[in-house]
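There are 4 protein chains.
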Amino acid sequence: MKVVEWRREFHRYPEIGFTEFFTASKVIETLRSLGFSVLYGQDAMDGAARFGVPAKEILEKAYHQAMKRGANPALLESMKGGYTAVVGILQGKESGPTLAYRFELDALPIEESQSTDHLPHRFEFRSRLKGQMHACGHDAHLAIGLGVAEKIADRNFAGTIKLIFQPAEEGVRGARSMIEKGIVDDVDLIICQHIGMGVPTGQIQGGVEGFLATTKLEVTFLGEPAHAGAAPEKGKNALLGATTAFFNIQSLGQHSGGKARINVGVLEGGTAANIIPATARMVIETRADQQEVNQELVERVYQIIASSAMMHRLEYSIEIIGEATTFQCDEELVSLVLEEAEHIEGFTSLQKSSVTAEGSEDASLLIRRVQERGGYGTYCIIGSDLAAPHHHAHFDIHEEVLPHAVQLLERIARRDWEIAHF
Amino acid sequence: MKVVEWRREFHRYPEIGFTEFFTASKVIETLRSLGFSVLYGQDAMDGAARFGVPAKEILEKAYHQAMKRGANPALLESMKGGYTAVVGILQGKESGPTLAYRFELDALPIEESQSTDHLPHRFEFRSRLKGQMHACGHDAHLAIGLGVAEKIADRNFAGTIKLIFQPAEEGVRGARSMIEKGIVDDVDLIICQHIGMGVPTGQIQGGVEGFLATTKLEVTFLGEPAHAGAAPEKGKNALLGATTAFFNIQSLGQHSGGKARINVGVLEGGTAANIIPATARMVIETRADQQEVNQELVERVYQIIASSAMMHRLEYSIEIIGEATTFQCDEELVSLVLEEAEHIEGFTSLQKSSVTAEGSEDASLLIRRVQERGGYGTYCIIGSDLAAPHHHAHFDIHEEVLPHAVQLLERIARRDWEIAHF
Amino acid sequence: MKVVEWRREFHRYPEIGFTEFFTASKVIETLRSLGFSVLYGQDAMDGAARFGVPAKEILEKAYHQAMKRGANPALLESMKGGYTAVVGILQGKESGPTLAYRFELDALPIEESQSTDHLPHRFEFRSRLKGQMHACGHDAHLAIGLGVAEKIADRNFAGTIKLIFQPAEEGVRGARSMIEKGIVDDVDLIICQHIGMGVPTGQIQGGVEGFLATTKLEVTFLGEPAHAGAAPEKGKNALLGATTAFFNIQSLGQHSGGKARINVGVLEGGTAANIIPATARMVIETRADQQEVNQELVERVYQIIASSAMMHRLEYSIEIIGEATTFQCDEELVSLVLEEAEHIEGFTSLQKSSVTAEGSEDASLLIRRVQERGGYGTYCIIGSDLAAPHHHAHFDIHEEVLPHAVQLLERIARRDWEIAHF
Amino acid sequence: MKVVEWRREFHRYPEIGFTEFFTASKVIETLRSLGFSVLYGQDAMDGAARFGVPAKEILEKAYHQAMKRGANPALLESMKGGYTAVVGILQGKESGPTLAYRFELDALPIEESQSTDHLPHRFEFRSRLKGQMHACGHDAHLAIGLGVAEKIADRNFAGTIKLIFQPAEEGVRGARSMIEKGIVDDVDLIICQHIGMGVPTGQIQGGVEGFLATTKLEVTFLGEPAHAGAAPEKGKNALLGATTAFFNIQSLGQHSGGKARINVGVLEGGTAANIIPATARMVIETRADQQEVNQELVERVYQIIASSAMMHRLEYSIEIIGEATTFQCDEELVSLVLEEAEHIEGFTSLQKSSVTAEGSEDASLLIRRVQERGGYGTYCIIGSDLAAPHHHAHFDIHEEVLPHAVQLLERIARRDWEIAHF
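Chains as they are written, first to last, in the UniProt record's numbering: chain X, 1 to 422; chain U, 1 to 422; chain Z, 1 to 422; chain C, 1 to 422.
Treat the hints as calculated values from the structure; they're not laboratory data.
Don't take each hint at face value.
Copies of the same chain look alike in the list, so a pair counts if it works inside one copy or between any two.
In silico DSSO-like pairs for lysine-lysine, Cα to Cα no more than 30 Å straight-line [stated by the list, open to error]: (1) Lys130 - Lys234; (2) Lys130 - Lys56; (3) Lys181 - Lys259; (4) Lys56 - Lys151.
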């Protein structure tokens with residue numbers, strides 16, 4: 001089956017957020033060959049609205065790797081600097097609503113298992129890129145996306161289909177840049193989906209609950225070095241600032257407004273035993289099941305950072321490197337998904353939202369935008385037993401669910417829309 | 001000997017800083033009876049320049065105790081509110097310089113030993129006041145002061161003698177208030193002295209080195225309480241501010257400019273297990289063997305407090321509750337002291353400054369002021385073996401050194417001044 | 001109405017936990033006069049199972065005040081040392097189950113308002129005890145308890161009635177001591193109740209949800225003092241230990257197992273600016289909506305305290321000073337309460353459990369014990385508009401609800417039990 | 001002059017501690033060509049006694065660079081793995097004491113200036129190695145060492161000369177490994193020297209005071225990762241351990257036993273915003289002007305680390321990565337150096353020890369070992385005006401002092417020893 005081949009091809013070449021040069025060029029070419037109009041590069045995203053773009057040398061290295069692997073140079077040129085979003089647009093033969101499906105392009109910085117138990121290794125489609133791996137299932141999503149594209153290339157549907165291929169979902173960094181470009185502003189219905197997530201093979205879940213609002217922040221402190229033996233008081237100790245912030249941030253995680261989470265995921269500073277540390281860096285995330293609570297946490301973090309810097313006479317900067325929000329799936333769309341799923345043999349169990357998500361997703365931003373403009377959205381889960389949890393070196397899906405997922409999205413696309421219903 | 005009787009009487013009734021109502025009235029009456037002009041109450045000190053004045057109820061309790069013990073009500077009235085400084089002034093029969101001696105009035109909040117080994121207990125002059133004790137030797141200083149007064153009451157000396165009886169030396173709180181009143185502005189020569197300090201009986205040390213500059217600070221934080229279970233985020237946690245300040249202040253004690261010391265001596269806040277703590281209080285001291293380094297530490301403390309308050313949205317206040325500085329004894333005066341000491345049988349060993357002080361003294365402020373206005377000063381040590389260290393419940397001196405000390409100060413007072421020499 | 005008079009009398013004389021000497025003696029005498037058998041003193045509670053008993057001098061002061069106010073000396077003698085629990089037992093004329101009602105004896109350390117708006121002040125039943133106040137409604141509960149006693153003194157009911165008057169509910173300190181004495185071991189049905197709690201006048205709530213498991217801990221650290229200027233390194237700084245524990249405890253409040261709360265409500269240590277602090281004390285509470293999560297938090301606190309002490313070579317102690325747990329009201333009993341309430345005119349709105357408690361209650365321990373032994377329990381809320389929130393200086397209830405509450409408990413007591421049902 | 005050429009050649013190729021492969025092979029070859037017996041590789045040092053050996057890949061990269069630059073492969077082979085110490089031994093024609101001179105082989109990880117003001121750049125002997133530079137003057141020392149070797153190659157001296165070329169002085173890492181091999185066990189007199197150090201061109205200082213005892217420590221913490229949103233309590237947070245240690249270590253820097261210094265130079269941990277940090281690393285140094293005080297600080301650090309790990313259930317390791325001690329120059333040797341310096345025109349000012357060192361030196365270990373076995377040692381300073389302070393990207397010496405330094409060491413070597421004198 002082509003969808004399985006596609007999945008394995010994407011699996012072999014896992015590119016991390018904003019460096020999906022080869023992956024995106026492959027998607028562009030396929031969509032074009034099927035008759036889609038394709039937006040990409042700066043036509044598909046607003047560069048300034050990206051969060052957490054990797055350093056220049058990382059972008060360049062990935063660019064040259066993609067070139068070497070045979071990506072189309074003209075396409076690459078348009079993506080230079082991390083412009084890897086792709087949107088495929090196709091008009092149906094009849095008029096109808098604009099329906100968007102969203103798929104993610106990026107992989108994770110995880111070294112893939114070489115265990116003989118690990119099917120991608122045994123069947124020889126293990127990652128060719130050291131320290132990178134499709135360990136969340138985005139390779140499967142991409143394959144489903146191309147699978148649907150192929151099916152509906154006949155234009156036997158009503159309305160417009162938009163296939164959104166988003167970069168940098170990991171770290172919730174990429175969605176904003178596509179929204180700011182207006183990609184979903186004309187969308188009436190948006191359906192995002194994820195494979196796995198604790199839902200077993202054969203089950204489909206029409207919606208989801210519990211995604212947390214989140215903000216990811218990168219903080220730097222800049223002080224002054226000094227010889228720790230000869231003149232310690234001459235230094236401005238950036239680690240004192242960072243550790244002071246660390247402890248005070250740790251105390252924020254209790255809130256009567258529901259679940260609140262805070263983590264200092266990275267703290268690092270200093271250069272040598274005998275130098276008062278002059279630089280420090282922190283990576284922080286806040287989360288909450290209420291958008292307002294998350295915002296409150298972010299404000300408290302800002303104040304703690306500013307005060308810690310002032311305390312030790314440090315310069316500082318804070319950059320938002322990722323952001324997602326909470327959202328609610330529209331009941332009507334959840335029902336519609338399940339209604340279509342009922343016709344597909346592979347789905348033996350239909351659920352509204354039996355599983356609560358524990359993490360965050362920037363699909364939230366896409367869905368909220370569509371809803372704010374009067375449209376409808378949902379986030380459904382395609383069940384698949386997993387060899388290991390998401391983000392694990394042994395992660396693997398059941399490939400037999402891929403055709404069912406394609407079928408589902410195809411059925412929805414071909415639906416005879418009673419627009420009034422929405 | 002009267003000087004011993006005086007010492008024991010003062011020892012029996014030890015009053016702490018700014019509450020020396022009975023002690024001061026006894027001093028005033030004795031000086032007056034000897035023909036001295038006496039300044040006291042608001043004539044001897046600037047109330048606003050006092051540091052660390054006790055709370056009203058403590059002042060009032062001590063006032064009433066002094067009243068009950070039979071202190072002169074008219075004198076007491078003048079001292080109400082903690083105006084306990086006394087200055088005795090006597091003109092000699094001939095003209096000459098103004099020579100000041102300084103003695104301290106205050107005792108310590110220490111419960112005196114009831115051991116049978118402890119002579120004040122055995123000889124029945126132990127403290128009559130619960131939890132208070134002359135454990136530093138100020139009782140001896142006071143007796144020496146009155147002893148000298150009695151000797152020179154004949155006016156057979158050249159110039160003016162000023163006997164300065166300062167309140168609240170403990171905590172370095174009282175000297176500033178007498179300086180601001182101008183008490184030493186006309187002084188040409190000032191001699192302060194201390195008994196004990198590690199110098200053995202029979203030895204006299206004409207000067208001293210090593211007193212540290214110091215500042216004592218009281219800090220309060222004010223936040224907002226909240227129910228810790230129901231709405232923790234509604235509180236503004238004053239203990240978070242105080243402990244953040246605590247840790248950062250602890251990191252200040254290293255300086256290439258010499259000895260630097262910092263201590264948070266008291267930290268307290270909060271009321272109950274289930275309330276987010278809304279108040280906190282800290283008592284902090286800085287010390288350094290350079291006045292500038294001490295000042296730098298104080299500035300860093302201010303910045304840390306302000307930043308800690310800002311971090312947790314607290315109000316705060318900082319009050320200086322004590323202050324002393326470094327100083328240098330004038331060589332000429334050191335020599336003069338030793339020159340006179342040579343004539344006194346009781347002093348068998350004469351030293352310039354063999355011992356290094358480890359603490360702080362607000363005599364430093366008096367001596368510096370005299371020196372700044374062109375005068376001379378020294379701080380000499382009257383050796384005495386001690387039964388236990390200063391500030392200890394078993395502290396006791398050798399009373400036989402008291403008459404020698406009186407003799408010394410008398411000889412200096414009667415000196416035929418070659419003013420030009422100074 | 002007598003119930004209102006009783007409430008006002010109790011309101012006038014608010015005694016805090018384990019010092020309810022006058023209150024308890026009043027309750028004992030009233031119950032006796034109505035024909036109840038009464039257990040009190042060490043017959044009603046296990047002294048060793050009390051949490052957070054006040055210091056000796058506080059117990060003694062309250063004892064003498066109660067004596068002075070005219071409490072029965074023989075009864076007082078039995079309560080000496082804080083044995084203030086009371087249990088009234090009455091056999092009905094017919095056989096039936098043992099039904100317990102629980103009321104709390106203790107007040108709060110809050111100074112009552114003297115505003116003319118404050119009815120207890122205007123109507124002259126304001127607290128006669130400085131700094132103490134019935135600000136939670138326990139005075140009302142006591143009045144209801146005596147009101148019921150009076151009604152059922154005719155013994156026209158089936159089974160046994162136990163009226164449990166518990167000391168020291170504030171701080172969740174008293175229930176355990178009555179449980180350990182076996183007071184509820186023969187109880188088939190237990191009904192606890194609380195006035196107010198956000199439920200309006202006229203409403204009755206048959207059960208409640210959401211009380212949190214909690215543990216209150218008192219921690220002391222003992223180090224060694226040293227002169228902060230002369231030999232700072234000789235000290236063992238107890239405040240360093242306590243603040244280290246403080247910051248690390250603050251980081252515990254995030255748990256995937258539901259609501260988790262942690263608070264350091266009190267931290268205090270040190271004596272003077274120039275002494276390395278040698279002692280420190282902390283009061284800490286943990287809470288969680290799962291008993292297991294609360295237990296996990298307590299264990300983490302123990303480990304943090306032990307490690308902080310080891311870090312600074314301190315001795316330490318940890319004492320549990322309060323404890324409560326989670327519980328579930330039995331559906332059958334909730335229904336029964338509402339069934340009877342329906343017959344009372346004053347109750348215009350009946351609810352199962354519309355309000356979620358935000359705090360903790362040691363009624364939880366009583367109810368759990370009854371349930372563990374095969375009985376049933378509930379905790380109902382008697383609605384009353386409040387002048388100000390619980391634990392506030394302006395707190396006041398609507399006295400008109402008191403007779404309705406008495407009626408309700410009377411009706412339940414007189415019920416014709418179908419034992420089998422339970 | 002050859003000594004200047006040598007200095008420039010060494011300057012061009014600055015290798016950091018334990019990677020001085022090219023430098024050492026050059027030294028070995030030169031010494032051999034002059035007739036010295038040469039110990040090197042594992043004959044000159046005990047591998048297990050090295051501190052802070054770089055990671056394998058750093059050693060290998062430097063090794064291959066040295067190979068590429070033309071170092072003798074046989075010599076390189078002996079040095080593989082960081083065995084870069086060299087000792088040249090020469091017997092004089094007459095019998096006499098064993099005299100050792102010590103020189104350092106290593107450079108610093110500093111990028112050298114490309115300013116046109118910077119003479120090494122202008123005269124084209126700037127570093128060829130990116131990010132490495134002889135910024136402390138060890139290139140000059142090496143040149144002096146070879147210069148002396150050349151002069152005394154005629155053997156016209158009494159006794160034995162040992163030229164000790166020590167690796168890894170920076171970080172005080174290399175001396176111990178030569179001591180443990182016994183290199184100085186037969187030495188009667190050891191003279192170490194340093195150029196610059198605040199002493200102006202033309203001055204020579206026969207001894208030095210004030211080098212601090214120091215210990216450098218590397219600490220790692222190992223906890224367990226967890227998803228920060230989904231199950232924060234499942235993690236064991238290594239950064240909590242490290243920051244707790246950080247703050248408590250910062251509080252150690254006050255000691256009545258003299259100068260005490262402590263610095264956490266590096267703290268780093270964690271991997272990503274959404275993961276509870278499972279690893280952390282710290283680099284710490286202690287210093288004191290008393291060996292015992294330094295040892296006390298080290299013990300306190302160990303206890304703080306152990307307690308911080310226990311607090312958060314972490315595994316940890318502590319490794320000593322550098323060590324030096326205090327020492328006293330022998331008066332006799334100081335005088336002897338100055339006696340010889342008097343004969344050298346270039347030295348216009350002779351001092352005993354006018355400058356106080358502010359740092360630490362592992363020459364201290366060599367000198368102490370010689371003294372412990374009955375020998376004598378000193379550390380003299382060869383004055384040189386500097387273009388910028390030591391360890392600065394603009395650091396440069398006055399090359400004209402090199403021949404004077406060679407002359408001095410030559411004169412001392414050729415001295416007619418009156419052994420009895422020592």
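Structure versus earlier hints - violations, ascending order
3 and 4
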